[in-house]
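Fit chain B to the supplied structure of chain A, relying on the hints for placement.
Number of protein chains: 2
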Amino acid sequence: MSKLNWDYSLYLVTDRSYIGKRTLADCVKEAIKGGASLVQLREKTASSREFYELALQLKEITGAFSVPFIINDRLDIALAVDADGLHLGQDDLPIKIAREYFGKNKVIGISVSNVQEAIQAQEEGADYLGAGAIYATGTKLDADLVSLAELKKIKEAVSIPVVAIGGIKKENAASIMATGIDGISVVSAILAEDDIYTASKNLKTIVTAKK
Amino acid sequence: MSKLNWDYSLYLVTDRSYIGKRTLADCVKEAIKGGASLVQLREKTASSREFYELALQLKEITGAFSVPFIINDRLDIALAVDADGLHLGQDDLPIKIAREYFGKNKVIGISVSNVQEAIQAQEEGADYLGAGAIYATGTKLDADLVSLAELKKIKEAVSIPVVAIGGIKKENAASIMATGIDGISVVSAILAEDDIYTASKNLKTIVTAKK
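Protein sequences, first through last, are from chains A and B.
Just add 1064 to the spot in the first sequence (first one is 1) and you have the working numbering.
Just add 1064 to the spot in the second sequence (first one is 1) and you have the working numbering.
Keep in mind that the hints were calculated from the coordinates and are not lab data.
Each statement offered as a hint is correct.
In this list, chains with the same sequence are indistinguishable; a pair is considered to hold if it fits within one copy or across any two.
Using 25 Å as the maximum straight-line C-alpha spacing, the simulated BS3-like pairs for lysine-lysine come out as follows:
(1) Lys1234 to Lys1268
(2) Lys1160 to Lys1108
(3) Lys1160 to Lys1170
(4) Lys1233 to Lys1097
(5) Lys1123 to Lys1168
(6) Lys1234 to Lys1097
(7) Lys1216 to Lys1234
(8) Lys1234 to Lys1217
(9) Lys1097 to Lys1265
(10) Lys1233 to Lys1268
(11) Lys1234 to Lys1265
This one's a predicted model, so the numbers in the text were calculated from it and none came from an experiment.
Next up, chain A with everything else stripped away, as it sits in the complex (with noise of 0.2 Å):
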């Protein structure tokens, strides 16, 4: 999957703790069919094998609606699973390593959270920023937060495309695209949703009416 040209409007980070009994391959899908643009699989507490298993299914799930495949800092699954690309985070491998085995023609994602991480990044090669956390989120108690202001001045500083992250809804979701960036970065707004198709439809007509 070629890496230009990808649609960062409404990007899906997964957290196996809101999905309940259904199972996060399904809760995906329907994502997508809702409008997830970008799916990023997260796994904190996984062993690498259920990682990696976890990762093929929806490897496959991604792939077959043609929607880029992203794994979150653990560069050996997504070698293991050829996954589409890499988010790493200011605590996992630094780029130029990721850059070294995964290749040039892969997307490296990283999360920031102040203009300099920002410009240091694009710098570094990332090919989008992750930017957050916008509002405290349960998914991260402890992140930094960024204003509106200081997203905005983000956005500016660099040339790649931002995403926001953090505690984003569809009640504040346009204010956030209102900052110029490329899209918002979603976790419980879609999954913790009894209707996720919906959730994720209702969201990306709000990312989309403001771009």
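Just chain B now, with coordinates in the frame of chain A:
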């Protein structure tokens, strides 16, 4: 470092929870001076960046003493620091995937707890086996226990080196070595000791006498 003729006699596996205020680097250096012939960095709580940075430190120390350096579980960290080996548990990435990226000249060890797993791991290309847990330990409370009789059967069933792990200390090391295995793997029997050098040296004397 050629993977031929490695000395599996005294295999140190790290766990920072035992070392108190000492640095892991210093502890590993003392253990090697005492006779540790292999070092595995095992990190279940560190971030990827911290794991990587610890791995860089230990790679330098082990390299200076020409002692092979092995990474637990994380193929990406093993690649990133050009470790000599990778140790995989039954819940980690499949050996086939690891071998594809890590290469045939590197060592891959597999954790096994019975003869069937041992034979399968050898067939899949393992370079050595870590058999255990011999006794329940603080490091792996939920591990399946392997009797000394089963350990002997595992050793007899394969042609690759077998190292025993789990609750091994100077009081039981001789009887474990008497099963014919190639070495013992220890965590707290070295790292929880005040005098790491002497603890390592005493264990080395026992395993060397029995070989």
